[in-house]
Amino acid sequence: MKKIHIHEEYCIGCRLCEINCLVKHSKSGKIIKAFKEEFPRPLSRVHVEEKGYLSFALQCRHCEDAQCIENCMTGAMHRDEKNGAVVCDETRCVGCWMCIMSCPFGVVQREKKEKRIASKCDLCGSDGEPACVVNCPNEALSYE
Amino acid sequence: MSNGETKYLLIGYSVASWWCAHSIREGDRSGRIVAVTEEEGPYSRPLITYVLGKKTGDVAYTGTIFQHDEVEIYPRKRVVEIEPRDRIARLSDGTDIRFQKALIATGGIPIFPTIPGRENQGIFTFTRRSDMESIDTFLHGHPARNIVILGGGFIGLKTCEAMMDMKKNITLVELAPRLLQNMLDEEGSYYLEKALAHSGVHVIKEDTIVLFETETDRLTDVVLKSGRRIPADLAVVSIGVRPNVDFLRNSGIEVHRGIVVDEHQETSCPGLYAAGDVTETRNLLTGERNVVAVWPEAVNQGRIAGWNMTGREVAYEGSLPVNAVEVGEKAMVSAGIVNPPADGYETIVRKDRENYQKLVLKDDLIMGAVFVGEISKSGIYINLMRQKLPVETFRDKLLDPNFGLINLPTNYRKHIVKGVGIEV
Amino acid sequence: MKVLQCQGKHYREVNAEVDNAWNAGEREIRLEGINGQRYIGRSLTGVGTIEISGIPGDDLGVFMDGATIFVRGNAQEGVGNTMNSGKIVVGGDIRDIAGYAMRGGKIWVRGSVGYRVGIHMKSYLSDYPVIIIGETSGDFLGEYMAGGLIIVLGLNLPAGVSPVGKFIASGMHGGKMFIRGSFSPEQAGPGIGIDRPSDDDYLEIISYLTEYATDLAMTLPPMKPDDFVKVYPTTTRPYGRVYAY
Amino acid sequence: MVKTKLAPQLEINLPIVFSAMSYGSISYNAFRSLVQAAQEVGTYCNSGEGGLHPDFYPWGKNIIVQVASGRFGVHPDYLRVASAVEIKIGQGAKPGIGGHLPGEKVSSDISRTRKIPEGSDAISPAPHHDIYSIEDLERLVFAIKEATGYEKPVSVKIAAVHNVAAIASGAIRAGADIVAIDGIRGGTGAAPQAIRDNVGIPIELALAQVDERLRQEGIRHRASVVIAGGIRSSTDVIKAIALGADAVYIGTAALVGLGCHLCQKCYTGKCNWGIATQDPYLTKRLNPNIGTRRLVNLLRAWGLEMKEMLGGMGVNSIQSLRGNKEHLRAVGLSREEMQILGVKLAGEGW
Chain H
1 MKKIHIHEEY CIGCRLCEIN CLVKHSKSGK IIKAFKEEFP RPLSRVHVEE
51 KGYLSFALQC RHCEDAQCIE NCMTGAMHRD EKNGAVVCDE TRCVGCWMCI
101 MSCPFGVVQR EKKEKRIASK CDLCGSDGEP ACVVNCPNEA LSYE
Chain E
1 MSNGETKYLL IGYSVASWWC AHSIREGDRS GRIVAVTEEE GPYSRPLITY
51 VLGKKTGDVA YTGTIFQHDE VEIYPRKRVV EIEPRDRIAR LSDGTDIRFQ
101 KALIATGGIP IFPTIPGREN QGIFTFTRRS DMESIDTFLH GHPARNIVIL
151 GGGFIGLKTC EAMMDMKKNI TLVELAPRLL QNMLDEEGSY YLEKALAHSG
201 VHVIKEDTIV LFETETDRLT DVVLKSGRRI PADLAVVSIG VRPNVDFLRN
251 SGIEVHRGIV VDEHQETSCP GLYAAGDVTE TRNLLTGERN VVAVWPEAVN
301 QGRIAGWNMT GREVAYEGSL PVNAVEVGEK AMVSAGIVNP PADGYETIVR
351 KDRENYQKLV LKDDLIMGAV FVGEISKSGI YINLMRQKLP VETFRDKLLD
401 PNFGLINLPT NYRKHIVKGV GIEV
Chain B
1 MKVLQCQGKH YREVNAEVDN AWNAGEREIR LEGINGQRYI GRSLTGVGTI
51 EISGIPGDDL GVFMDGATIF VRGNAQEGVG NTMNSGKIVV GGDIRDIAGY
101 AMRGGKIWVR GSVGYRVGIH MKSYLSDYPV IIIGETSGDF LGEYMAGGLI
151 IVLGLNLPAG VSPVGKFIAS GMHGGKMFIR GSFSPEQAGP GIGIDRPSDD
201 DYLEIISYLT EYATDLAMTL PPMKPDDFVK VYPTTTRPYG RVYAY
Chain W
1 MVKTKLAPQL EINLPIVFSA MSYGSISYNA FRSLVQAAQE VGTYCNSGEG
51 GLHPDFYPWG KNIIVQVASG RFGVHPDYLR VASAVEIKIG QGAKPGIGGH
101 LPGEKVSSDI SRTRKIPEGS DAISPAPHHD IYSIEDLERL VFAIKEATGY
151 EKPVSVKIAA VHNVAAIASG AIRAGADIVA IDGIRGGTGA APQAIRDNVG
201 IPIELALAQV DERLRQEGIR HRASVVIAGG IRSSTDVIKA IALGADAVYI
251 GTAALVGLGC HLCQKCYTGK CNWGIATQDP YLTKRLNPNI GTRRLVNLLR
301 AWGLEMKEML GGMGVNSIQS LRGNKEHLRA VGLSREEMQI LGVKLAGEGW
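Residue numbers (the numbering used here), protein chains in the order written: chain H, 1 to 144; chain E, 1 to 424; chain B, 1 to 245; chain W, 1 to 350.
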């Protein structure tokens with residue numbers, strides 16, 4: 001199974017990953033529209049953490065024994081058979097936040113769409129490389 | 001229905017049993033697993049409030065864990081007696097099941113105090129699908145306008161949340177000076193009460209129901225201890241649950257508040273295991289033995305029991321009370337010791353108009369956490385608590401808005417969870 | 001003890017023989033009849049001793065890493081060139097550029113040394129090169145010194161004669177130097193500080209001198225802190241204004 | 001099969017070698033890009049005079065290490081791990097000026113590599129104070145040969161000045177297996193401008209002189225000649241080889257490949273591109289894997305262009321071009337220049 005690998009030594013904290021993730025998960029898929037016209041604004045599922053010169057982009061690690069899957073009470077949080085990603089089935093999610101509470105990386109967020117759901121990295125579905133990896137200008141993220 | 005081939009018997013079939021079966025199947029692909037449940041079949045119990053509130057369509061658990069587990073389910077049956085020495089379980093229909101190993105995961109039963117008038121219509125507890133269905137039917141049959149919920153605990157609040165969108169007058173009655181008394185402190189409760197008030201829920205604290213007033217068997221009012229009278233068409237009593245252990249009375253299995261288990265989730269009778277809300281386990285942080293009735297611990301205990309039943313020795317690290325809830329758009333996460341005794345503990349608080357965050361520290365370890373409002377990072381702190389990582393090096397960064405994995409010691413951050421390739 | 005006869009042999013031969021013996025595990029080697037062969041003890045790694053009778057040639061102990069060399073008489077130029085660690089004990093005099101770019105280790109000289117001794121000496125954490133000169137030194141002692149320690153004892157000198165030459169410590173930007181006897185500021189290069197040794201300094205001097213006297217089997221005259229002058233750099237960037245724009 | 005015992009040699013797939021840029025003057029990531037690219041292309045990377053960070057020891061087969069007047073990082077392992085050792089006498093950009101790494105760039109890693117205290121200047125003065133004659137140079141050359149068991153070629157790098165031919169001859173007689181000559185256009189981040197722009201001579205003239213002199217003395221075969229300083233394109237490589245070089249060193253061109261914009265602010269230690277800096281905020285801007293790809297691209301492109309040009313000349317191997325001045329013709333040069341270069345005017349036949 002492929003994973004997103006973080007190379008913190010090359011992350012320059014430009015946050016292009018955040019922007020591209022947001023656009024990728026917006027309705028329009030257009031950068032200006034995603035930021036200016038979509039309400040509520042779509043959420044980025046990757047976040048750059050910074051401390052001094054150290055920075056890295058953190059998204060769901062798609063753990064092998066994912067606590068969020070075990071602790072999901074509806075079964076919405078499940079492992080995608082195809083790419084091994086831990087993904088949230090938005091139709092089943094009721095927003096109980098068991099996943100947020102159990103994620104040791106703090107990468108699950110609340111999102112309010114038609115109803116409240118847990119929002120997290122889905123490895124951009126199955127369309128090849130995730131947007132954050134493709135758009136990282138310094139290859140600080142890799143998908144392998 | 002006596003059958004000598006049953007290798008594993010699961011008494012009660014909810015989350016602890018599911019994960020137990022899942023763990024068993026990791027070590028034993030073929031041994032026959034039988035699950036006895038009082039219900040129609042497996043479903044996710046916490047979902048009942050969401051279904052009632054039409055937040056989701058049904059209570060089914062759609063996780064993938066059942067797919068390969070091959071469990072034979074005996075529905076609508078109850079185990080009435082266990083003979084631990086002979087490894088026989090007697091069912092409510094009179095049949096016996098002979099087993100090799102068994103898991104007792106019968107969960108909790110709601111506490112219903114003897115309040116006069118409680119036998120009348122319109123008064124419910126709310127822990128099972130059948131409760132949900134009865135309330136739903138009741139609501140359809142009667143145009144109930146006024147709802148009273150007794151108990152501002154977890155179930156009470158979730159019931160509240162479920163009924164909020166029904167345009168009813170809801171009153172929440174809580175005996176303690178705060179809501180969620182085990183999970184919140186007074187200040188955190190204040191944020192929650194504000195959100196509830198905003199959603200039109202009336203909260204009455206430090207009071208309780210002493211009388212259900214009825215008219216032709218129908219609830220009309222409740223009378224509180226303080227003497228207040230509140231009109232009510234429907235009352236939900238949710239002041240807590242206690243372990244469902246009555247059927248073990250003559251079995252010889254040691255029961256304290258819950259079933260006493262060792263770190264392998266084994267009871268005092270070898271071969272008999274217990275997991276979930278029915279067990280009494282050692283607290284991860286304090287070492288005290290108590291019943292921690294939360295979903296994640298039921299999962300953990302079920303898994304541990306399953307592994308040990310198939311011979312893979314795995315020790316349970318201890319239970320950590322954790323819970324999350326969202327009421328009136330106010331999310332909340334709590335874990336560990338949130339109302340510490342005075343000595344030796346230190347608290348860090350960070351708050352603004354919408355958010356309240358509190359950490360309880362002792363000897364450089366995080367012992368408790370409360371998050372109201374912004375909760376995304378709560379998992380990081382809870383994991384620190386589980387891993388018992390000293391916070392010395394990043395103490396000043398705790399609760400910083402930008403706090404994240406990056407503040408943690410490099411070695412820890414790079415190998416934060418079990419499993420391959422999760423390094424940061 | 002392995003004894004190698006070196007009379008009339010080319011240095012390649014001598015060094016190869018030393019290498020073979022060393023690699024065979026021999027850790028005490030005596031070289032007899034040395035007469036100007038170069039590079040003796042070059043890049044010897046590990047602890048052990050080499051005794052030399054005769055006069056070794058240039059670059060004695062070049063790149064050496066750990067061994068100890070005893071020379072009874074004099075040695076020529078470049079003793080301990082770019083030495084990593086180890087010790088070279090010379091009973092007589094040596095000539096120029098001893099201890100060039102030494103990164104660690106010790107050089108004890110009983111007699112005098114030539115020009116540019118101890119230049120480019122470096123130090124890093126526990127690597128700390130030390131040179132002790134019994135009598136006198138030529139000019140440019142400790143030029144460009146970036147670390148380590150040089151002690152000049154000025155033994156057997158008439159009073160009032162300085163044991164060191166001119167341009168001492170020019171371009172020095174690390175380490176320290178102690179000179180026993182008369183020393184005037186004009187003898188030092190620019191940007192150099194001159195002072196009396198502190199109590200800690202003197203303890204350090206004494207500890208090294210004890211080892212020096214033991215290794216050379218000599219008795220040192222009585223000394224006191226005031227006999228010494230401490231020479232030290234006042235900047236870590238002596239040429240900052242020259243090279244930077 | 002050659003029966004003669006050959007002096008140790010270096011084998012390169014392309015007559016282009018990365019010239020000496022020390023870890024210290026350039027960043028860890030920049031250096032890593034260079035060694036990785038050298039390995040991938042099958043050429044060498046020169047460590048410069050700042051020692052070799054232990055992380056780079058595994059790439060030793062593709063590294064030439066330098067011994068300069070400061071002797072930074074020189075120890076037995078350093079000499080053993082490399083493929084060749086170069087004694088730096090002079091540098092084209094600043095003949096007569098030593099190397100000087102400002103204290104600002106001496107970070108903890110660099111101080112460990114160079115064995116000097118953190119934050120203090122790393123000074124390599126102009127002369128090796130133990131070398132005042134060809135005989136002294138010979139002593140150092142053989143000290144290195146002794147230390148490396150005569151298995152590795154020893155190179156001597158000198159700056160191109162007017163008497164370079166005599167110096168090169170001396171260096172070869174002192175035992176050098178490679179003579180590297182660095183011309184006036186050599187790049188540098190830290191040299192006084194007056195020196196950088198005025199001292200030294202163009203490398204073509206120096207090379208032609210050296211080649212000529214060595215041939216006359218009959219010692220051209222005893223050493224390879226590598227030139228550096230102002231190699232900016234594949235045509236420069238072709239010209240250099242036709243004028244008698246065995247290979248060229250590229251420094252600035254490689255850095256431009258890595259992203260250098262020639263802003264000439266290397267001495268400030270604040271290189272925007274993460275190349276000539278040790279500031280951790282800046283160094284991480286250069287991902288060595290990307291850097292390696294760019295460098296490999298550069299070398300591969302030059303290689304292909306050179307093959308095209310060789311094809312155009314009708315020469316089937318680069319070796320046949322070496323010193324073959326008949327393939328060159330001059331345009332717009334004075335007679336004296338052509339005479340020194342040994343190149344005929346365009347239009348003149350064989």
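Keep in mind that the hints are not guaranteed to be accurate.
Between beta-carbon pairs, the in silico distance windows are [to be verified]: (1) E:392 x W:118: 22 to 30 Å; (2) H:54 x B:2: 49 to 57 Å; (3) E:362 x B:195: 17 to 25 Å; (4) E:362 x B:191: 51 to 59 Å; (5) W:218 x B:36: 24 to 32 Å; (6) H:50 x E:351: 22 to 30 Å; (7) B:23 x W:339: 50 to 58 Å; (8) H:115 x W:118: 34 to 42 Å; (9) B:23 x W:301: 46 to 54 Å; (10) B:217 x W:54: 33 to 41 Å; (11) H:50 x E:166: 41 to 49 Å; (12) H:51 x W:262: 27 to 35 Å; (13) B:191 x W:335: 47 to 55 Å; (14) H:115 x E:220: 28 to 36 Å.
Which stretches of chain W does chain B cover? Using the computed rule of at least three CB atoms under 8 Å from a CB of chain B, they are [stated by the list, open to error]: (15) 118 to 125; (16) 128 to 139; (17) 246 to 254.
Simulated from the structure, these hints should not be mistaken for lab results.
Idealized CB from N, CA, C, for every residue including glycine.
Each hint tested on the structure:
1. E:392 x W:118: 22 to 30 Å: For residue 392 of chain E and residue 118 of chain W the Cβ distance comes to about 27 Å; the hint holds.
2. H:54 x B:2: 49 to 57 Å: Distance hint for residue 54 of chain H, residue 2 of chain B holds at roughly 55 Å.
3. E:362 x B:195: 17 to 25 Å: violated, 53 Å
4. E:362 x B:191: 51 to 59 Å: The hinted range 51 to 59 Å holds for residue 362 of chain E and residue 191 of chain B, with Cβ atoms some 56 Å apart.
5. W:218 x B:36: 24 to 32 Å: holds, 31 Å
6. H:50 x E:351: 22 to 30 Å: Given about 24 Å between the Cβ atoms, the range holds.
7. B:23 x W:339: 50 to 58 Å: holds, 56 Å
8. H:115 x W:118: 34 to 42 Å: violated, 57 Å
9. B:23 x W:301: 46 to 54 Å: holds, 47 Å
10. B:217 x W:54: 33 to 41 Å: holds, 40 Å
11. H:50 x E:166: 41 to 49 Å: holds, 46 Å
12. H:51 x W:262: 27 to 35 Å: Between residue 51 of chain H and residue 262 of chain W, where Cβ atoms are some 33 Å apart, the hint holds.
13. B:191 x W:335: 47 to 55 Å: Given range 47 to 55 Å: holds, Cβ gap about 52 Å.
14. H:115 x E:220: 28 to 36 Å: Holds, since residue 115 of chain H and residue 220 of chain E (Cβ atoms, about 35 Å apart) stay within the stated range.
15. 118 to 125: holds (count 6)
16. 128 to 139: It holds, with 3 qualifying residues against the three required.
17. 246 to 254: violated (count 0)
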